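Peer 1: As you go down the protein sequences, you meet chains A and B in turn.
Positions 16 to 376 (our numbering) are the ones given, in order, by the first sequence.
Positions 4 to 394 (our numbering) are the ones given, in order, by the second sequence.
In case anyone wonders, no lab produced these hints; they're calculated from the structure.
Remember, predicted model here, so these are calculated numbers, not experimental data.
Be a bit skeptical, because a hint or two may be false.
[Said to hold, decoys possible] In silico lysine-lysine, DSS-like type, Cα no more than 25 angstroms apart, as pairs:
hint	chain 1	residue 1	chain 2	residue 2
1	A	K353	B	K349
2	B	K306	B	K324
3	A	K171	B	K374
4	B	K349	B	K374
5	B	K354	B	K324
6	B	K321	B	K374
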Amino acid sequence: MSAETLYPLQNGIGNMVRSLFPESAFILNPALGLIGVVILVSILAAFLILLERKVVAHFQIRLGPMRVGYHGILQPLADGIKLLFKEFLKPKGADSFIFYLAPMLPLTATFLIMVIMPFDHHLQLADPAGGVLYVLGISGLTVLGLLLGGWSSNNKLSLLGAIRAGAQMISFEISLALIMLLIVMVSGTASLREIVLSQQGLIFDWWIFKLPFLGILSFIMYLVASTAELNRTPFDLAEAESELSAGYHTEYSGMGFAMFFFAEFVNMFISAGLATTFFLGGFLPPLIGISFVDGMLNAIPGFLWFFGKTFFIVFVYMWFRWTFPRVRVDQLMNLEWKMMLPANLLLLMLGAVFMVLGWAG
Amino acid sequence: MTTQSAEKYRLDGDTLPEGFRLPQSDAEDADEFFVNIGPQHPSTHGVLRIVARLSGETIVEAVPHLGYIHRGIEKMAENQTYIQNIHLTDRLDYLSAFFNNLCFCMTVEQAMDIGLPERGEYLRVMVCELQRIQSHLLWWGVMGMDLGGFTPFLYGFREREMITDIFEEMCGARLTMNFFRPGGSSFDAPDTFVPRIKKFIKIMYKALDEYNTLLSGNIIFLERTRGVGILSKEDVLAYGCSGAVLRASDVSYDVRKNDAYSIYDQFDFDIPTSTEGDSLARYQIKMEEIVQSLRILEQAVEKFPEGPYRSQPKAVYKLPKGSYYSQVETPRGILGTYIVSDGGPKPYRVKYRSPNFSNLSALNHAAQGLKLADLVTIMSSMDFVIPDMDK
């Protein structure tokens, strides 16, 4: 089947624009796509914040927001309005330009990565051949944002938080990159869509199962490394409120804080989305080889599979956050440099051996 | 205009916090910097201010500065009658309000030679052990929160609420309970007292299992606390530490056993000790203390006698001339009350020996050379309540 018949909606919109405005369609279509991404990010941020509040509430035997709308469903809206009206204060002696610039960087990074997320066969704004490299490159912007935010705040605790964030995120990015490299190696491509397509077939063809032992191991390591990269508990040292009275965003209020906050939440979705892409077959349904069941699974649109798997991993991140205590900064560094990094290099070598032996795909 | 002394301590435009040596500008420690932990820091639980001298994230020195909550309670005591003084005591360490009441009343009883009916004694033991659990539950939750896990905090409050309800029904207050009087207590226990405790004991044992699953056995928690903030036997004795801080360093001293007051000698319970002296040992001892308190409660509810709850009250207490001292084992250690009487209706001088003040003095010793995050761990494991150390 062609892409047009499989996914009529986005191609339909594209064709409509092309027939109505043949001259400017090459600008309008990407613009529509970008607007779509902006809307998606906004909705995701709001939804993830509500989800986190509800999940933590149930972990902690309470209800969470209940007043605004049915079961607090409009709470993110209320939060947003509140944040808009809050004053964005700048501490005395802070570096104005960098202080205001810093919160924008992580948010920018989330938009830029969202552009290449393969939500469905053709529900992807761009699919660069070096998608994995692009993801790794762009996510550096988040580190920069946190570092600059903490540094420009003119506050020692913020600076400590920023340095911790920088050290932590840069370290764990190495592990993350090595795990991604393993998948790039076994799937033979660095394009995110191609990586998903390389897992076509049954559920056992997903990389998490297809690589004997290595898949599940590297999936777990991906979860650990990405939790650290996301600055979430148990690795939320950059914003350890009990040690640094908040960390790099201590001095941020109103929208400045909200931008860091939104970026953090959407980044969680992105990390989960990448885990889905690399290990869980992305938008592919979990086929089991029984034609009747597979027919039903195939009938469910791919983007629903993608969101389903992604939100499951998002839930796992939240689970971590609300049950684990926090590690110490030197323990975190030990974990990365003395355990994760050598283990990842070993995994990579084993992956190569598996490929030579023909065990991987 | 700056005074001469301010000029003297000026270093690169920043005034050096008091109590610190000035590093030479070319010295190795010149790049050390000071960070205030508190008085409004989320992990200082009140208004404790600790000036931490850091080298990177390593603590060189952690000096506590007091005086942010000082209310002059010992001075106020000189202008209040003995009965009026009881209500000042529960403002000291509000998490062990009953113990503070009890300690003051015991001193008055000792001076006036007042006895207690058996029901009154049982009531004291039961209420105090309930409060020990209540206090430890809050500490447990806060310790979890200080180490970055927010969930234990709310789990601790769930069971704590049951005890608070019992106290509310008994004396109307939920935090600064003011209940004991010389010769007994101000009211008798309500009819629901014993059934509620029985129900609580059952629930608490189950909850303890849950706590252990959530925090005590967690690998991150163990890594964060094991070997952190070690105090040797000599250290704790030198600093005058008491409570779990003392017993974690292999000194088995508990006022309830070693200087038994009330009717504690009639109950069968153990005093847990440990040889490690680290934060984990302090944690485990406190968890074990909850179990021991439950054991005491189990025995007490079975034997809770009928009869008067208070011996004949006196309208005005006038302590005979002299000085009196009594001590109790609060959830945090030894609380002592020292009263000097000149024979009048008001004390001539009152002095409290508070457990937190002595425990705090060991903080710097325990934290030196560790990381900033460990300072929080040590503070949590020592379970400070600030109004008690800063009277």
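Peer 1: Is A:K353 within 25 angstroms of B:K349, Cα to Cα?
Peer 2: Violated, at about 66 angstroms.
Peer 1: Does the alpha-carbon distance linking B:K306 and B:K324 stay inside the 25 angstroms limit?
Peer 2: Measuring from Cα to Cα gives roughly 38 angstroms; hence the hint is violated.
Peer 1: Given the proposed pairing of B:K349 with B:K374, does the C-alpha separation stay at or below 25 angstroms?
Peer 2: violated, 48 angstroms
Peer 1: Hint check: B:K354 vs B:K324, CA-CA at most 25 angstroms. Holds or violated?
Peer 2: holds, 16 angstroms
Peer 1: Hint check: A:K171 vs B:K374, CA-CA at most 25 angstroms. Holds or violated?
Peer 2: Holds. A:K171 to B:K374 sits at ~16 angstroms (cutoff 25 angstroms).
Peer 1: Is the hinted pair B:K321 and B:K374 satisfied, with a Cα-Cα distance of at most 25 angstroms?
Peer 2: Violated - the C-alpha atoms of B:K374 and B:K321 are around 53 angstroms apart, more than 25 angstroms.
Comparing the model with each earlier hint shows violations of hints 1, 2, 4, 6; every other hint is respected.
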